[in-house]
Amino acid sequence: MDQGRGIVGHVRRLGRQTLDGVARLGRAMLFLLRLTPGLPVLFTRFSLVIQQIYVSGVLTLIIVLVSGAFVGMILALQGYNTLVRYDAQSSLGLLVALSLVRELGPVLTALLFAGRAGSAMTAEIGLMKATEQLAGMEMMAVDPLKRVVMPRFLAGWVSVPLLAAIFSAVGILAAYVVAVSDLGLDGGVFWSQMQSGVSVTNDIMGGVVKSVVFGLVISWIAVFEGYDARPTSEGVSLATTRTVVSSSLAVLGLDFIMTAFMLRGL
Amino acid sequence: MSVRGLSFYRDRRMIFQGLDLAIERGKVTAIMGGSGVGKTTLLNLIGGRLAPAAGGVAVDGQRVAALSRQELFALRRRMGMLFQSSALLTDLSVFENVAFPLREHTRLPEPLIRDLVLMKLELVGLRGARDLYPAELSGGMARRVGLARAISLDPMMVMYDEPFAGLDPISMGVITKLIRELNDALGMTSIVVTHDVAEACHIADYIYLLGEGRVVAEGTSAAMQASAAPEVRQFMGGLPDGPVAFHYPAGDYLADLLGS
Chain A
1 MDQGRGIVGH VRRLGRQTLD GVARLGRAML FLLRLTPGLP VLFTRFSLVI QQIYVSGVLT
61 LIIVLVSGAF VGMILALQGY NTLVRYDAQS SLGLLVALSL VRELGPVLTA LLFAGRAGSA
121 MTAEIGLMKA TEQLAGMEMM AVDPLKRVVM PRFLAGWVSV PLLAAIFSAV GILAAYVVAV
181 SDLGLDGGVF WSQMQSGVSV TNDIMGGVVK SVVFGLVISW IAVFEGYDAR PTSEGVSLAT
241 TRTVVSSSLA VLGLDFIMTA FMLRGL
Chain B
1 MSVRGLSFYR DRRMIFQGLD LAIERGKVTA IMGGSGVGKT TLLNLIGGRL APAAGGVAVD
61 GQRVAALSRQ ELFALRRRMG MLFQSSALLT DLSVFENVAF PLREHTRLPE PLIRDLVLMK
121 LELVGLRGAR DLYPAELSGG MARRVGLARA ISLDPMMVMY DEPFAGLDPI SMGVITKLIR
181 ELNDALGMTS IVVTHDVAEA CHIADYIYLL GEGRVVAEGT SAAMQASAAP EVRQFMGGLP
241 DGPVAFHYPA GDYLADLLGS
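Protein chains in written order, with our numbering: chain A, 1 to 266; chain B, 1 to 260.
No lab work stands behind these hints: they were computed from the structure. Treat the numbers as computed from the prediction; the structure is a model and nothing was measured. C-beta: ideal position from N, C-alpha, C; glycine also. Keep in mind that the hints are not guaranteed to be accurate.
What the hints assert, rightly or not - Taking CB as the label site, the calculated pair distances span:
no., chain 1, residue 1, chain 2, residue 2, range
1, A, P40, B, E136, 31 to 37 Å
2, B, D131, A, V66, 51 to 57 Å
3, A, S192, B, Y133, 30 to 36 Å
4, B, R103, A, L14, 46 to 52 Å
5, B, R12, A, Q17, 53 to 59 Å
6, A, F256, B, E136, 31 to 37 Å
7, B, L108, A, R16, 52 to 58 Å
Claimed, not checked - SDA-like, lysine to any residue: derived pairs with alpha carbons at most 25 Å apart:
no., chain 1, residue 1, chain 2, residue 2
8, A, K146, B, A165
9, B, K39, A, V11
10, B, K27, B, A250
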């Protein structure tokens with residue numbers, strides 16, 4: 001629609017885009033509410049959820065393992081480089097563990113998951129819509145929200161925290177290998193500093209809470225974008241892009257908010 | 001099944017206005033009309049995927065628009081639908097596609113499901129193709145699998161959305177034969193939405209011709225072919241110009257060319 005030129009036109013377009021954005025957010029919220037009656041699928045059709053955990057979780061494992069190992073090794077090198085100036089290299093284990101468990105594990109896993117599994121989820125649901133598979137299911141009296149969307153949503157939600165835990169664990173192990181074999185640190189010091197400095201309630205639970213929230217948000221965005229996609233090839237490609245962009249931004253934004261609350265207390 | 005005073009608008013554009021038609025039990029009824037007259041929309045209204053603005057559709061005495069989601073799903077279990085694109089689930093084999101409604105809606109033991117699926121596939125002549133995936137099927141085969149799936153719950157009524165579109169003559173003959181045979185053998189009611197005049201006249205017991213949101217003409221296929229009404233003659237004869245104008249509404253041609 002022509003919205004005129006000049007400043008008035010710009011203001012109008014800005015207003016229209018803002019309204020569209022708010023309307024989309026509202027639709028996404030309603031979509032989440034419409035999903036909730038499908039929650040029993042977790043108990044009645046558990047195999048569907050397991051199948052999707054394999055697709056989105058297990059198949060993302062490789063990229064998470066490799067990235068986790070590299071991030072751990074990099075942290076060890078960089079951390080050592082800085083700590084050694086203050087003669088504090090014995091705290092390297094603690095530094096690596098806290099960085100991974102509190103921040104990098106949940107955030108990087110979420111970003112990798114959005115790119116690897118979230119986009120695939122959107123594309124799959126969008127294509128099922130474009131090829132009338134969802135309409136076909138509806139006409140067979142099968143609710144696609146329960147049969148297709150809910151298992152994927154739950155699987156994504158469950159997978160992210162598990163992958164984040166694996167990411168952090170692999171990262172710490174890789175950092176240990178680099179610290180002991182390459183940097184010549186003492187292995188015992190590496191572990192004991194970590195053991196005394198990492199708190200289960202603050203640090204580990206903080207990371208778990210973050211990754212659970214990220215899992216929820218990414219899966220929600222991914223299934224909503226797929227279900228809401230225009231049923232054409234451009235529509236599906238746009239939806240896939242939007243999944244990756246929106247969920248990455250949402251993850252980083254939410255991470256900031258949650259970190260602020262966790263560090264300062266509620 | 002009956003449609004009474006049905007009106008439907010899409011983006012304020014009128015699709016149907018006061019549409020009335022009745023479909024007799026156990027017969028093959030063809031609904032014809034040019035592209036864009038809302039034939040597929042009508043099937044979606046019958047299946048309850050769209051809600052009418054006024055009037056309504058009654059299937060087996062139930063008003064579709066007034067049903068709760070649960071009742072609607074119960075009704076849909078008794079309807080089959082064949083989509084133009086076949087709408088097969090691409091991640092499942094032919095066998096699993098036909099088994100899908102059975103697995104979702106019944107708790108039948110596996111050997112029984114196997115027998116039922118093989119019987120349906122035998123009906124459409126594709127028992128040997130049970131292990132293929134939808135991507136490996138030709139258009140005609142995919143549509144036959146879609147048909148086997150549509151009848152897997154033994155519905156009272158099957159809706160066909162453009163079953164002849166884009167098929168070679170042999171596949172078309174196969175589909176035509178199947179629609180007629182399944183209708184008679186299983187005692188179903190069939191609604192065939194199509195713009196294919198020859199095939200529709202061949203299999204339909206009764207034909208409705210839609211245009212401009214209402215029924216333009218109706219009758220048995222013999223009556224339709226003999227009809228003198230200009231709308232019917234244009235459609236049945238495939239004449240490029242007539243009551244349905246060749247030109248999309250536009251301003252004055254000369255003024256348009258001379259303008260910027």
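For each hint, the structure was consulted:
Checked against the given bound of 31 to 37 Å, the beta carbons of P40 of chain A and E136 of chain B, roughly 36 Å apart, stay inside it. Against the hinted window of 51 to 57 Å, the Cβ-Cβ separation of D131 of chain B and V66 of chain A comes to about 36 Å, which falls outside the hint. Evaluation of the 30 to 36 Å hint for S192 of chain A and Y133 of chain B yields a failure: the beta carbon distance comes to about 56 Å. At about 51 Å, the CB distance of R103 of chain B to L14 of chain A agrees with the hint of 46 to 52 Å.
The beta-carbon spacing between R12 of chain B and Q17 of chain A, approximately 23 Å, falls outside the hinted interval of 53 to 59 Å. Our hint of 31 to 37 Å for F256 of chain A and E136 of chain B is violated, since their Cβ atoms are close to 50 Å apart. Range check, L108 of chain B to R16 of chain A: about 53 Å between beta-carbon atoms, so the 52 to 58 Å window is met. Note on K146 of chain A and A165 of chain B: the hinted pairing is violated, with a Cα-Cα distance of about 32 Å set against a maximum of 25 Å.
Between K39 of chain B and V11 of chain A, the direct Cα distance comes to roughly 42 Å. Violation of the 25 Å bound is thereby established for this hinted pair. The hinted pair formed by K27 of chain B and A250 of chain B fails the criterion: a straight-line CA distance of about 42 Å is larger than 25 Å.
Hint violations for this structure: numbers 2, 3, 5, 6, 8, 9, 10, all remaining hints satisfied.
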